[in-house]
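Use the sequences and the hints to build the structure in full.
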Amino acid sequence: MTSRRQAVQDTIHLENTPAAPAPRRRRVGRRRFGRNAMAYGLILPSLVFLVAIVVYPLGVGLLEGFRYHNRLQPWLTAFNGFDNYVQAWHDNQVWLALRTSFVMVVGIVAFSYAVGLASGLLLNHKFRMRGVYRALILIPWVVPPVVSYISWQWMLNDQSGMVNQVLAKLGVIDSPVLWLANSKLAMVSLIVVGVWSRFPFMMITILAALSSIPDEVNEAAAIDGASRFQTFRHITFPLILPVSVIATLLQAIWTFNDFGLPFVLTGGGPANSTTPLILLSYKEAFQRFNIGYGTSLAIVSMVLMLALGAVYLRMQRREGVYE
Amino acid sequence: MRREAIMASSSALHARRPGVTSGTRSALSAGYRRKRLRRGLGRVGTHAGLLAIAVFSLAPLAWAISSAFKSDTEIMTNLSIIPAHPTLDHFKVVLRESDFGTWFLNSLLVSLGTTFLAILVGSLAGYAMSRWRFRGRGVYGNSLLVIQMFPGVMLAIPMYLLLTRFHLIDTLWALLVTYLTFALAFSVWMLKGYFDGIPREIEEAALIDGTGRLGALRHVIMPLAGPGIVTVAVFSFLLSWNEFFFAYVFLASNDKFTLSLGLYSFIQQFTTQWGNIMAAGTLATVPVLVFFFLLQRSLTRGLVSGATKG
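These protein sequences, in sequence, are chains A and B.
Position 107, counted from 1, in the first sequence is what the working numbering calls 1064; the numbers after and before it change by one each time, with no gaps.
Position 61, counted from 1, in the second sequence is what the working numbering calls 859; the numbers after and before it change by one each time, with no gaps.
Any given hint might turn out to be false.
Stated by the list, open to error - Just so you have them, the derived chain A footprint on chain B, three or more residues with Cβ under 8 Å:
| id | region |
| --- | --- |
| 1 | 1031–1042 |
| 2 | 1074–1084 |
Said to hold, decoys possible - For each label pair, taking beta carbons as the anchor points, the in silico distance ranges come out as:
| id | chain 1 | residue 1 | chain 2 | residue 2 | range |
| --- | --- | --- | --- | --- | --- |
| 3 | A | M1272 | B | R931 | 41 to 49 Å |
| 4 | A | V1005 | B | G1024 | 21 to 29 Å |
| 5 | A | L1270 | B | R1095 | 26 to 34 Å |
| 6 | A | K1141 | B | I880 | 45 to 53 Å |
| 7 | A | R1087 | B | G1013 | 50 to 58 Å |
| 8 | A | A1177 | B | H1017 | 21 to 29 Å |
| 9 | B | R1095 | A | A1267 | 33 to 41 Å |
| 10 | B | R931 | A | G1226 | 50 to 58 Å |
| 11 | B | G936 | A | R1085 | 41 to 49 Å |
| 12 | A | A1071 | B | L856 | 15 to 23 Å |
| 13 | A | M1272 | B | G995 | 49 to 57 Å |
| 14 | A | I1192 | B | L856 | 27 to 35 Å |
If you are wondering where the hints come from, they were derived from the structure by calculation, not from laboratory data.
Computed from a prediction, not measured in an experiment: that's the story for all the values here.
Each residue gets a CB set at the ideal place from its N, CA and C atoms; glycine is no exception.
Here it is, written out as C-alpha cells:
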C-alpha cells in the first residue's frame, strides 16, 4: 500500500513540474515525452480539429492566392506567381476598401471604447439597480447580430424608418435624411451601429479591470485631496490602461473581420463606399467567382491582422496575464 | 461612494473640534450640506448617464419587438413603443409561410452540438495545459488565440472548395466543426484558467485512491470548475446561435438554414413587410435572452474573473 502511494506521488511530482519558471531544457528526449504522453493524448482531439479546419484549409488558401482561378473559366486555372498582388496594388477598389476598413475600425473602436469606459465608470460603485443596468446594457451583445442589423437597417430607412419619422415629428428635418443611401452618412450609420453592438464588451472588460483596483487606492487619493478627475487621470486610468490596450486591439481585429455588419446593413453600398477589405474579398471570390484574386485579398487582410495579433500577444505576455 | 463617506466623516471631525465658534460651525455644516447636495446630484448624474446608455442599447430592440405586435397599418402610423392593438398575425405568418421551425431546430442542433463538444474537447486540452508543461505547449496555446484573429474569408474560401470536394458543403456538419474550432480557443483558455485555481492536492487524493487521470478530471475537477463551464457553455452557444458568415457561405438549401441565415433570406422574401421580419427576429432572439438572463450572474462573474486572470 505504502509503496503504491509513494509511486503515485512520484509520478505526480514528476508530471507536475513546478509552475515557477521552469528551467529551459531543450534536449530532454524520450523520457520527457513519455512523461508528457498523457498531455499529448489530451490535446489530440482539439489538434485534429485545428489541423482539419484551420491548418489544412490555410495551406490550400495560401496556394490559391498565387493562382489564377476563376470558376467561370476553370480551364484557365494556373499558378501566376505574384500577379494577383500586382493586380491588387493597381486596383482602386482595393485602396478604397482599405480606407473604408481603416475608417470603420478607428471609428467603431474609438467610440465604443469611450462609451464603454463611461458606462464602466458609472457602474463601478455599489448601488441598487446596478445589476439591472449592467444586464440591460449587455443585451445588444447577446442579440443575434443579424437581427440587430436588420432592425437598424429598418430604423435608418429613409422612408419608413423610425429615426426619420421621429426627427420629422420633432420638426428637426423637413425632408428625409438618406442615412444609408448617401455614401458619407452610410459610413456614419455603420459606425453608430458598430458602436452600439460592440461597446458592451468594452464595458464588461473595463468593469472587470476597475473592480480589481482596491478601494484603498482611491481612498488614499481622496485623503490626499485629489479631485475625482485627478484621481481618474493619474490613478484609475493608468491602472486600467493595460487591459484597455488589449481590449482595444482585440476589438480592432474583430471589427476589421466583421462581415455581417456592412453586408447586412448597407450591402457595401452605396457605390462601394462601405465595402471594407473583407467584404471586397468575399465579393470577388463568391459573387465575381474570382477565387484566386479573392483569396489573395483575404491573405492581405490576414497579414494585417497577424501584425496586430503579434502586438496583442506581446502585450498580453508583458502584462503577465498570459501563462 | 466610499471616498465621499470619508470626506463626510472628516468634516464631522472638524465640526467636533473644540473651540470652534458657533458661526464657523454653521458655516461648516453649510459646507457639509453642500457636499451632501453634490453627492445627491452625483447620484442623479449617475442614473441619468446610465439611463441614457441603457436607452441607446435598448431602444432599437424595443422598437423592433413592438413592431412585431403591430398591424401593418399601425406600423406606418403609430410610433409608440406600446402597440395600440396588439396582434399575433405576423407570428402566424412567419410560422405558417416559412421554414422557421426547421431553421430553429437546425440552429438548436448546431449550437448544442458545438457547446457539448467545446466543453468535452476543451476540458481535456485545458486540463493538459493546466497540469503539464509539455513541449509545444506555448505554440499550441498561441495558435488557439491566433485563429481567433483570422479573417473569416481566409478560411471560408478554401473550406468552401474543400467541403465541395468532400461533399460536405450544404450540411450542418460543416458548420458544427467550424464553430467548434472557434469555440475551442475560448473553451481551452477559460477552463485552463479555472483548473489552475483548483489545488493539485485535491486530485492527488483522487489519484491515490486509484482513480485514473481522466476519472479525476471527470469526477473531481469538472464539478469544481462549474462557473467556468457555464461561461464556456454560454459563449459557445451564443457563438453558434448568432453566427452568420460561415452559414451564409456553406449553406444553400432552405431546409438546412440556421436562424441567422433564414432571417437574412426573409429580407429577400418579405422585402418591406417589416412586421413579419420583426416577428421572426423576435422569435430568434427570445431563447438567447432567456438563456442570458438565467445565467447572467454567473456569466458576468465568469467573464470578470476570466478577464482579470487572463
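A1267 (chain A) and R1095 (chain B) - C-beta distance against the hinted 33 to 41 Å: Once the Cβ atoms are compared, 36 Å apart, the range 33 to 41 Å for A1267 (chain A) and R1095 (chain B) holds.
I want to verify a distance hint. Is the separation of the beta carbons of A1177 (chain A) and H1017 (chain B) within 21 to 29 Å? 47 Å, violated
Check of the region 1074–1084 of chain B against chain A for coverage (Cβ-Cβ below 8 Å, three residues minimum): With 5 residues close enough to chain A, the hint holds.
Does the Cβ-Cβ separation between V1005 (chain A) and G1024 (chain B) fall within 21 to 29 Å? For G1024 (chain B) against V1005 (chain A), whose Cβ atoms are near 28 Å apart, the range 21 to 29 Å holds.
Outcome for the supplied range 26 to 34 Å, where the beta carbon pair is L1270 (chain A) and R1095 (chain B): Since L1270 (chain A) and R1095 (chain B) have Cβ atoms about 32 Å apart, the given range 26 to 34 Å holds.
Given a hint of 49 to 57 Å, does the C-beta separation of M1272 (chain A) and G995 (chain B) actually sit inside it? For M1272 (chain A) and G995 (chain B) the Cβ distance comes to about 23 Å; the hint is violated.
For the hint 27 to 35 Å, verify it against the beta carbon of I1192 (chain A) and that of L856 (chain B). Cβ of I1192 (chain A) to Cβ of L856 (chain B): about 33 Å, so the range 27 to 35 Å holds.
Could one say that the CB atoms of A1071 (chain A) and L856 (chain B) fall in the range 15 to 23 Å? 19 Å, holds
Is the gap between the beta carbons of R931 (chain B) and G1226 (chain A) within 50 to 58 Å? 53 Å, holds
Outcome of range test on Cβ distance (G936 (chain B), R1085 (chain A); 41 to 49 Å): 46 Å, holds
Are R1087 (chain A) and G1013 (chain B) spaced within 50 to 58 Å by their CB atoms? 42 Å, violated
Three residues minimum, CB to CB under 8 Å: does the region 1031–1042 of chain B make the cut for coverage by chain A? Let me know. It holds: at least three residues are needed, and the region 1031–1042 of chain B offers 4 whose Cβ sits within less than 8 Å of chain A.
Hints 3, 6, 7, 8 and 13 from the earlier list are contradicted by this structure; the remaining hints agree with it.
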